[in-house]
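Chemist: Given only the sequences and the hints, what does the whole structure look like? Please build it.
Going down the list, the protein sequences come from chains A and B.
In terms of my numbering, the first sequence opens at residue 1300 and continues consecutively.
In terms of my numbering, the second sequence opens at residue 1300 and continues consecutively.
Hints are supplied without guarantee of correctness; some may be wrong.
No farther apart than 16 Å at their CA atoms in a straight line, the calculated lysine to aspartate or glutamate pairs in the EDC-like style are these [unchecked claim]: (1) B/1345 / A/1434; (2) A/1345 / B/1434; (3) B/1430 / A/1434; (4) A/1430 / B/1434.
Some but not every residue of chain A turned toward chain B, in silico, with C-beta under 7 Å [said to hold, decoys possible]: (5) 1345; (6) 1346; (7) 1392; (8) 1428; (9) 1605.
It is worth saying that the hints were derived from the structure and are not from the lab.
Quick reminder that beta carbons are idealized off the backbone N, C-alpha and C, glycines included.
There are 2 protein chains.
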Amino acid sequence: MKHITLACGNGASENNALIQNVFFKAFQNEILAQNNDSALLPPLGKMAFSTDSYTISPLFFAGGDIGKLSVCGTCNDLAMMGARPRFLSASFIIEEGFEVEKLEQIASSMREECAKNGVLIVTGDTKVVGKGSADGIYINTAGIGEIIYEGLSPQRITQGDLIIVSNSIGKHGASIFAQREGIDLVSDLASDCASLFPLLQSLFDTNLEIHALRDATRGGLAAVLNEWAMASRQCIQVQQEQIPISDGVQGICEFLGFEAYALANEGTFVMALPSTQASTALDLLRSHPLGKEAQIIGEVNAQYPSKVVLQSAYGTKRFLDMPSGELLPRIC
Amino acid sequence: MKHITLACGNGASENNALIQNVFFKAFQNEILAQNNDSALLPPLGKMAFSTDSYTISPLFFAGGDIGKLSVCGTCNDLAMMGARPRFLSASFIIEEGFEVEKLEQIASSMREECAKNGVLIVTGDTKVVGKGSADGIYINTAGIGEIIYEGLSPQRITQGDLIIVSNSIGKHGASIFAQREGIDLVSDLASDCASLFPLLQSLFDTNLEIHALRDATRGGLAAVLNEWAMASRQCIQVQQEQIPISDGVQGICEFLGFEAYALANEGTFVMALPSTQASTALDLLRSHPLGKEAQIIGEVNAQYPSKVVLQSAYGTKRFLDMPSGELLPRIC
Chain A
1300 MKHITLACGN GASENNALIQ NVFFKAFQNE ILAQNNDSAL LPPLGKMAFS TDSYTISPLF
1360 FAGGDIGKLS VCGTCNDLAM MGARPRFLSA SFIIEEGFEV EKLEQIASSM REECAKNGVL
1420 IVTGDTKVVG KGSADGIYIN TAGIGEIIYE GLSPQRITQG DLIIVSNSIG KHGASIFAQR
1480 EGIDLVSDLA SDCASLFPLL QSLFDTNLEI HALRDATRGG LAAVLNEWAM ASRQCIQVQQ
1540 EQIPISDGVQ GICEFLGFEA YALANEGTFV MALPSTQAST ALDLLRSHPL GKEAQIIGEV
1600 NAQYPSKVVL QSAYGTKRFL DMPSGELLPR IC
Chain B
1300 MKHITLACGN GASENNALIQ NVFFKAFQNE ILAQNNDSAL LPPLGKMAFS TDSYTISPLF
1360 FAGGDIGKLS VCGTCNDLAM MGARPRFLSA SFIIEEGFEV EKLEQIASSM REECAKNGVL
1420 IVTGDTKVVG KGSADGIYIN TAGIGEIIYE GLSPQRITQG DLIIVSNSIG KHGASIFAQR
1480 EGIDLVSDLA SDCASLFPLL QSLFDTNLEI HALRDATRGG LAAVLNEWAM ASRQCIQVQQ
1540 EQIPISDGVQ GICEFLGFEA YALANEGTFV MALPSTQAST ALDLLRSHPL GKEAQIIGEV
1600 NAQYPSKVVL QSAYGTKRFL DMPSGELLPR IC
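Modeler: This is the structure we're talking about:
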């Protein structure tokens, strides 16, 4: 079979064949193999639980594909709560006529990304909708993580905290945009799409004091900082020249009149922590391939409560607002 | 705002407004209100974990809507493993232009159905895709349940077991089909869409010995019985005249040349248990509004291993095969 048919979603023979030949083959593990209505899981301590549906277009992009994204996106949401990703569900809405070969590629990316997180796909679902009722494939994953680091909360952000970003910003948004629009300014522009638990684990393990942690996905750095400023009622002041932005991203932004602050990331987090902890955190982050561009970008103070202030190299200041409108639909 | 715009999926202002005004309002609970990347959950004992994406068309049907279905479908999968539904995630893929009023209706149905299950929606996601990239709305739910009854498995089905069906069959499939095709043969035809944990709880609590339990969704009764026959390598023999089928469903089937055995159900389960347990089970089921049509429909024997045999009132026999092909896409 080369293309998905409506019968592949019928809950019977063809559906079982698709599940066995593509998904079970890629995701194999003992829990999934029991093939029950629900997966049976062992007891866990305190847990994190998260879900995302992935509708990204194009399905395959520089730096990843919808399969990789659907695993790292949800695992990252768990990691941001101090949790070790343990179990995932995976649910597919597939458009009639979708190529089975592409589906196998997507499942294979998911398997690889699961291995990086040490997470198992234990339950799933497949629906097939008629031609024109979806755009290729949408994937939902829901994840269960076990809390290994407690107390992360934007409410804990306080004056004197420093703000660290783990990576140069805007790579996911800029590269998806460039690819979708057929812009080929820079050849090395690629999404930062990556699983962040392996990068964070050493920080959790050394029991560093971290106040807040969030991956800067839709809405980018600007959305995270604004949410934090509002939740903590503090002023977050960032230094423009400290915020890492690659030449490729900068080029796309200048070309299209965007700001990198509002562009989506898929392998980049923001962290608030006491200044005493910052250099240890930075060292740990930079010692990992995913964190080598990590930077302290600003601090928390009392100047403009609930606001984010961007200070330029020339000393001028402006508010960095919560993004609004839709810059780029179907970014994730 | 009357219609969903692409900006409602941007991860920033408009997205937050939609989440607050529609979803948080409908689903309110303390865990959800923390509004983190992931929900924080307390430790649980052995768990069941399940997911389904719902793509049903039409979105509103006799007996329910996609919201009700998205909660009972996933909670039922948990209940079938002996679990009490505890926590749900809810993820929405919404087509640009979808009416906010309909979304509110769907969220309100979800809230009602959650209450019946005693389950909380604790985390979620909203994506908006452009016009023509989805058909109104697709919903994914993933659920975590706590196991309160252990040992359910088709492998435990053994000779002498009786097979009970909890409800007359085929109502969901027949009513969706009738509505979609504009057939109005019978006015009281409605989906059986319902949450089954409340019906099962008394059976779990009295510690009745149940070998296997499954809700007969896509593929209907025929798919469940065939999966069980194959998993247990036993022969399942059912009596045609014992299988409850309403006049309305029978009418649609005769009109369209279907068999009710392969039609989907959304509030009907099949149960295999030792004959000594059957009358107690039947009494408990019939004492609940959702189980008043429950029937013993057959038995497990050694005649044709891994096969399902349907015996007519006249004593003739035939194999009831695993359904194949796609009778009716987007049934759930």
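Chemist: It remains to establish, for every hint, whether it holds in the given structure.
Modeler: Hints, one by one, checked against the model:
no.: 1; hint: B/1345 / A/1434; result: violated, 38 Å
no.: 2; hint: A/1345 / B/1434; result: violated, 38 Å
no.: 3; hint: B/1430 / A/1434; result: holds, 11 Å
no.: 4; hint: A/1430 / B/1434; result: holds, 11 Å
no.: 5; hint: 1345; result: holds, 6 Å
no.: 6; hint: 1346; result: holds, 4 Å
no.: 7; hint: 1392; result: holds, 5 Å
no.: 8; hint: 1428; result: holds, 5 Å
no.: 9; hint: 1605; result: violated, 15 Å
Checked against the numbered hints given earlier, the structure breaks hints 1, 2, 9 and satisfies all the rest.
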